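Peer 1: All chains, please: the whole structure from these sequences, using the hints.
Here are the chains, one letter per residue:
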Amino acid sequence: MPELMYREALNQALAEEMERDANVFLIGEEVGRYNGAFKVSQGLLDRFGSARIIDAPISELGFAGMSVGAAMVGLRPVVEMMTWNFAILAMDQIVNNAAKLRHMSGGQLRCPIVFRGPGGAGGRLSSQHSQALEANYAHFPGLKVIAPATPADAKGMLKAAIRDENPVIMFEGERLYALKGEVPEGEHVVPIGKADVKREGTDVTIITWSRMYYFCMEAAEQLAQEGISAEVLDLRTLRPLDEEAILASVRKTNRVVIVEEGWALAGVGASVVDIIQSKAFDDLDAPVERVTGLDVNMSYAANLENATQPDAPKIIAAVKKVLYREGA
Amino acid sequence: MASPYSKEQLLTMYRKMYLIRRFEERAGQQYTLGKIAGFCHLYIGQEAVAVGPNEALRPDDYMLSAYRDHGQPLARGSDAGMVMAELFGRGTGYSKGKGGSMHIFDIEHHFYGGYGIVGGQIPLAAGMAFASRYRNEDRVTVCYFGDAAANQGSFHETFNMASKWKLPVIYICENNRYGMGTAISRTSAVPEIHKRAAAYGMRGEPVDGMDCLKMYEAVKDAAAYCRAGKGPVLLEANTYRFRGHSMADPATYRSKQEVEEERKNDPIPKLRDYTLKQGLAQDAEFEAIEEEVKAVVDAAVKFADESPEPGLDELWRDTIVAEGEEDVRPRERVLGVKVTHWPKYPSGQELKVTWDLEPREQAEQADKKAGLSR
Ligand SMILES: Cc1ncc(C[n+]2csc(CCOP(=O)(O)OP(=O)(O)O)c2C)c(N)n1
Ligand SMILES: [Mg+2]
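Chains A and B supply the protein sequences, listed in that same order.
Quick note, the first sequence lines up with residues 162 to 489 if you use the numbering used here.
Quick note, the second sequence lines up with residues 548 to 921 if you use the numbering used here.
To be clear, the hints were calculated from the coordinates, so they are not data collected in a lab.
Since we're looking at a predicted model, the values are computed, not measured.
Glycine residues also receive a C-beta, built at the ideal position from the N, C-alpha and C atoms.
Careful: at least some of the hints might be erroneous.
Computed cross-link-like contacts, DMTMM-like style, restricted to lysine to aspartate or glutamate with a CA-CA straight-line distance of at most 20 Å [to be verified]:
{"no.": "1", "chain 1": "B", "residue 1": "Lys899", "chain 2": "A", "residue 2": "Asp182"}
{"no.": "2", "chain 1": "B", "residue 1": "Lys711", "chain 2": "A", "residue 2": "Asp216"}
{"no.": "3", "chain 1": "B", "residue 1": "Lys899", "chain 2": "A", "residue 2": "Glu177"}
{"no.": "4", "chain 1": "B", "residue 1": "Lys811", "chain 2": "B", "residue 2": "Asp755"}
{"no.": "5", "chain 1": "B", "residue 1": "Lys713", "chain 2": "A", "residue 2": "Asp216"}
{"no.": "6", "chain 1": "B", "residue 1": "Lys849", "chain 2": "B", "residue 2": "Glu839"}
{"no.": "7", "chain 1": "B", "residue 1": "Lys711", "chain 2": "A", "residue 2": "Glu191"}
{"no.": "8", "chain 1": "B", "residue 1": "Lys891", "chain 2": "A", "residue 2": "Asp182"}
{"no.": "9", "chain 1": "B", "residue 1": "Lys817", "chain 2": "B", "residue 2": "Asp830"}
{"no.": "10", "chain 1": "A", "residue 1": "Lys482", "chain 2": "A", "residue 2": "Glu382"}
{"no.": "11", "chain 1": "B", "residue 1": "Lys711", "chain 2": "B", "residue 2": "Glu908"}
{"no.": "12", "chain 1": "B", "residue 1": "Lys915", "chain 2": "A", "residue 2": "Asp207"}
{"no.": "13", "chain 1": "B", "residue 1": "Lys899", "chain 2": "A", "residue 2": "Glu190"}
{"no.": "14", "chain 1": "B", "residue 1": "Lys891", "chain 2": "A", "residue 2": "Glu177"}
{"no.": "15", "chain 1": "A", "residue 1": "Lys355", "chain 2": "B", "residue 2": "Glu684"}
{"no.": "16", "chain 1": "A", "residue 1": "Lys482", "chain 2": "A", "residue 2": "Glu379"}
{"no.": "17", "chain 1": "B", "residue 1": "Lys582", "chain 2": "B", "residue 2": "Glu856"}
{"no.": "18", "chain 1": "B", "residue 1": "Lys891", "chain 2": "B", "residue 2": "Asp874"}
{"no.": "19", "chain 1": "B", "residue 1": "Lys777", "chain 2": "B", "residue 2": "Glu839"}
{"no.": "20", "chain 1": "A", "residue 1": "Lys341", "chain 2": "A", "residue 2": "Glu326"}
{"no.": "21", "chain 1": "B", "residue 1": "Lys711", "chain 2": "A", "residue 2": "Glu190"}
{"no.": "22", "chain 1": "B", "residue 1": "Lys899", "chain 2": "A", "residue 2": "Glu191"}
{"no.": "23", "chain 1": "B", "residue 1": "Lys915", "chain 2": "B", "residue 2": "Glu905"}
Chain B stretches covered by chain A per the calculated footprint, using a threshold of three residues with CB under 8 Å from any CB of chain A [said to hold, decoys possible]:
{"no.": "24", "segment": "634-642"}
{"no.": "25", "segment": "704-711"}
{"no.": "26", "segment": "846-856"}
{"no.": "27", "segment": "862-869"}
{"no.": "28", "segment": "887-896"}
{"no.": "29", "segment": "902-916"}
Peer 2: In structure tokens, the structure reads:
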């Protein structure tokens, strides 16, 4: 299987879907002649032309809404947000129009659209450019929310998102784009709504998604050396949550740590805890632990920036806590 | 001089304006009886702004509006009973009672909805027009919004894109001089909304929104301009609402005199007088139309009142499209009639995109001139 960078995997998914379906077009800032702020759309303008790879003005609300309108009448827009921080300006169109069109029209309309772009911490970019905002979108009925961690999932889930009949919000990662991984060629579609056990284990379940996945795998490696077998469950989709996969893993290991880049209050992890406590309370041998970003704004200074985010040592400490092996 | 309009055209416009007026009067009455709840924004006084344009358009042109949205679908030909049922929150409404007064959608008649966020529909219309250009169709999109909506960012962001990409969309700003209780002149640096089009290099014109025929002419001309690929048009329809902002508003911010003065401009008697003067119809014909419309609206109220609320199972429908799920065709669902002209879009294999939004040679020449190599 070929090794591709995360950004190349996304590029492949876009190109394949645009080849397959002329209703698909890509719009966003810098996606055309500049080949994408993060080079996800490299080469696509030359290949598909200026009506299908569209350089938008810096008008997030405007081009998001315009794309929703195009989706209402049969096109399948992919809207690239340079980062999700900027998409806050477009939130009205996503939440009040895209997510509600089918409902308000009593089932007459559908809105097959993908909003995608990088989320999470950048790297020395301070607070306005470093936020994990997926919990905001996971809140809304009428949307689907995905956050793949690996290049293979990035490709497969973007293809699934483009083919979906509903608005899909896709969180990529500014710091994932250059990561490499094996990516199946051609028709590789990863269904939305299915979590993936990325590492099997028996002592504890670590639940995560997106970039935090890599810290969880690092922690699991180190824990293995201490004789602790950690299962890593990559949610991949945050709305709808894969309850079945979550509960199956909890029933197997009886101990859970949830790792989330964003803030704890009203985070996605809080909802996962709620599912576990209401449906698998008797299977738990310890309270569920959460490792989240600290409840502060992100700083520029390297030490503050690092301390704000979850990392492998924090995850290891949480695992030991649920195993009652603190200080071990 | 002979009228450029046929008798049939004039009577159709009269019938539609009268239908909207009568429908809205009954809706207001039903609201006070507690049959309609929430926000209910009446169109009384603005009828010409919906009817004139509709007669100048093709049935398959797209149309959408804000929350003051009973008039346009009735002009398009929506079923009055099903619109009323939506206002009543009944399962037989166009949106099964899920949308209410502010969210009328009738896709069969190419009415793409009423939107409750001020200015929120403005970008949608550009996107629908974008789709028409993308598919090389000569369809136009008509988008209504209020004077106060012209101060939203969505207005400015969209006009820039629509003009730059020459999208076939006609924006009709219904300038009724107030956004809720605030006179537009109090909050706007340029209260003549059509002038703002100039900022985006786009056509913008004022129209007498109290005159159905002037609205008809303006939209006929604008539609031809759009279909010819020349770009978007902003029409500012100067109009007036005779009632408050919504049923909850006693409208104490306007003087009685002002309202009385504006009522003299009522578009409905105006069209009737014109038609009579042209000798194209007699009083008796108008009376017959009025009687017929009254019966239609009475029947609409009865239909709504006798309809059941939506079933609770409806809670779990229409949020997410399930795999293989079809779209709902309201008249088929409610009245059991066969709906034949539902929009159909080319598949991704059939569609050939020929539009070049930024021709390559042009881009390359510009690069060359600037000494850039890409
Ligand atoms: C974004 C937003 N802000 C405020 C409101 C509350 N609101 C509803 S209608 C309205 C006035 C709009 O006036 P205008 O655009 O002139 O339309 P009109 O009601 O006169 O038809 C306001 C402020 C809203 N619905 N949406
Ligand atoms: Mg107004």
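Peer 1: Give a verdict on every hint.
Peer 2: A quick look at each hint next to the structure:
{"no.": "1", "hint": "Lys899/B with Asp182/A", "verdict": "holds (10 Å)"}
{"no.": "2", "hint": "Lys711/B with Asp216/A", "verdict": "holds (12 Å)"}
{"no.": "3", "hint": "Lys899/B with Glu177/A", "verdict": "holds (17 Å)"}
{"no.": "4", "hint": "Lys811/B with Asp755/B", "verdict": "holds (14 Å)"}
{"no.": "5", "hint": "Lys713/B with Asp216/A", "verdict": "holds (15 Å)"}
{"no.": "6", "hint": "Lys849/B with Glu839/B", "verdict": "holds (15 Å)"}
{"no.": "7", "hint": "Lys711/B with Glu191/A", "verdict": "holds (17 Å)"}
{"no.": "8", "hint": "Lys891/B with Asp182/A", "verdict": "holds (16 Å)"}
{"no.": "9", "hint": "Lys817/B with Asp830/B", "verdict": "holds (14 Å)"}
{"no.": "10", "hint": "Lys482/A with Glu382/A", "verdict": "holds (17 Å)"}
{"no.": "11", "hint": "Lys711/B with Glu908/B", "verdict": "holds (18 Å)"}
{"no.": "12", "hint": "Lys915/B with Asp207/A", "verdict": "holds (17 Å)"}
{"no.": "13", "hint": "Lys899/B with Glu190/A", "verdict": "violated (25 Å)"}
{"no.": "14", "hint": "Lys891/B with Glu177/A", "verdict": "violated (24 Å)"}
{"no.": "15", "hint": "Lys355/A with Glu684/B", "verdict": "violated (39 Å)"}
{"no.": "16", "hint": "Lys482/A with Glu379/A", "verdict": "holds (18 Å)"}
{"no.": "17", "hint": "Lys582/B with Glu856/B", "verdict": "holds (12 Å)"}
{"no.": "18", "hint": "Lys891/B with Asp874/B", "verdict": "holds (12 Å)"}
{"no.": "19", "hint": "Lys777/B with Glu839/B", "verdict": "violated (42 Å)"}
{"no.": "20", "hint": "Lys341/A with Glu326/A", "verdict": "violated (30 Å)"}
{"no.": "21", "hint": "Lys711/B with Glu190/A", "verdict": "holds (15 Å)"}
{"no.": "22", "hint": "Lys899/B with Glu191/A", "verdict": "violated (25 Å)"}
{"no.": "23", "hint": "Lys915/B with Glu905/B", "verdict": "holds (16 Å)"}
{"no.": "24", "hint": "634-642", "verdict": "holds (count 3)"}
{"no.": "25", "hint": "704-711", "verdict": "holds (count 5)"}
{"no.": "26", "hint": "846-856", "verdict": "violated (count 0)"}
{"no.": "27", "hint": "862-869", "verdict": "holds (count 5)"}
{"no.": "28", "hint": "887-896", "verdict": "holds (count 6)"}
{"no.": "29", "hint": "902-916", "verdict": "holds (count 7)"}
When held up to the earlier numbered hints, the structure conflicts with 13, 14, 15, 19, 20, 22 and 26 and fits the remainder.
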